[in-house]
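Asker: What follows is the residue order along each chain.
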Amino acid sequence: AQRVTQPEKLLSVFKGAPVELKCNYSYSGSPELFWYVQYSRQRLQLLLRHISRESIKGFTADLNKGETSFHLKKPFAQEEDSAMYYCALLKGGGATNKLIFGTGTLLAVQP
Amino acid sequence: NAGVTQTPKFQVLKTGQSMTLQCAQDMNHNSMYWYRQDPGMGLRLIYYSASEGTTDKGEVPNGYNVSRLNKREFSLRLESAAPSQTSVYFCASSDTLQGGGGYTFGSGTRLTVV
Chain A
374 AQRVTQPEKL
384 LSVFKGAPVE
394 LKCNYSYSGS
404 PELFWYVQYS
414 RQRLQLLLRH
424 ISRESIKGFT
434 ADLNKGETSF
444 HLKKPFAQEE
454 DSAMYYCALL
464 KGGGATNKLI
474 FGTGTLLAVQ
484 P
Chain B
5 NAGVTQTPKF
15 QVLKTGQSMT
25 LQCAQDMNHN
35 SMYWYRQDPG
45 MGLRLIYYSA
55 SEGTTDKGEV
65 PNGYNVSRLN
75 KREFSLRLES
85 AAPSQTSVYF
95 CASSDTLQGG
105 GGYTFGSGTR
115 LTVV
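Read top to bottom, the protein sequences are chains A and B.
Residue numbering for the first sequence follows this note's numbering, starting at 374 and increasing by one per position.
Residue numbering for the second sequence follows this note's numbering, starting at 5 and increasing by one per position.
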């Protein structure tokens, strides 16, 4: 079954420390993976997608098919990074595809 | 651009009451979705609509119905609300014909059923 696992409900780090938000997936086929972020009192928004191989707000995520992981990383955390982060897997094809979300990790960056 | 607009933002219902959550998008997206967000459970798909005139069940459809009124609007109806439906509901849209996964979300409806 297709599934996304985010093992940490809460990750607390100090400002300037490295951040790694873990995401593992289960999918038979070639996965498309995404990270979404929800800042306090704001709507959920796309942070990055693995096919773009981009860095957004200093965050990067590499797809590791051998470990079935898509961890989100940032070398130096900022207080404004505090938010809920969701890893998501695209299921299905064409117009009927849909996102399966993990349970989310709350990142708290302490001053 | 407004993006995805949801109404209402907050609602309190008594058990057994009915209500419709409204969602509209102005981005000409073909696909629309309804998710519920619960603590510790992430976002779970209730229903989705790949195109105007079609709807399909998601992971947790029981107790809900949907209508894709036109390309812009996708409503979610609770016929007889139950306390287990207390949640935050998010509508989203996507242009899946240009590739999937890049969803635009609404600001959510916080529903409490007492």
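Keep in mind the hints are simulated off the structure, nothing from the lab.
Some hints here could point you the wrong way.
Straight-line Cα separation of at most 27 Å, DSSO-like style, residue types lysine-lysine; simulated pairs [said to hold, decoys possible]:
1. B/Lys13 <-> B/Lys75
2. B/Lys75 <-> B/Lys18
3. B/Lys61 <-> A/Lys464
4. A/Lys464 <-> B/Lys18
None of the values given here were measured: they were computed from a predicted structure.
Asker: Quick one: which hint numbers does this structure break? Sort them smallest to largest.
Answerer: 2 and 4
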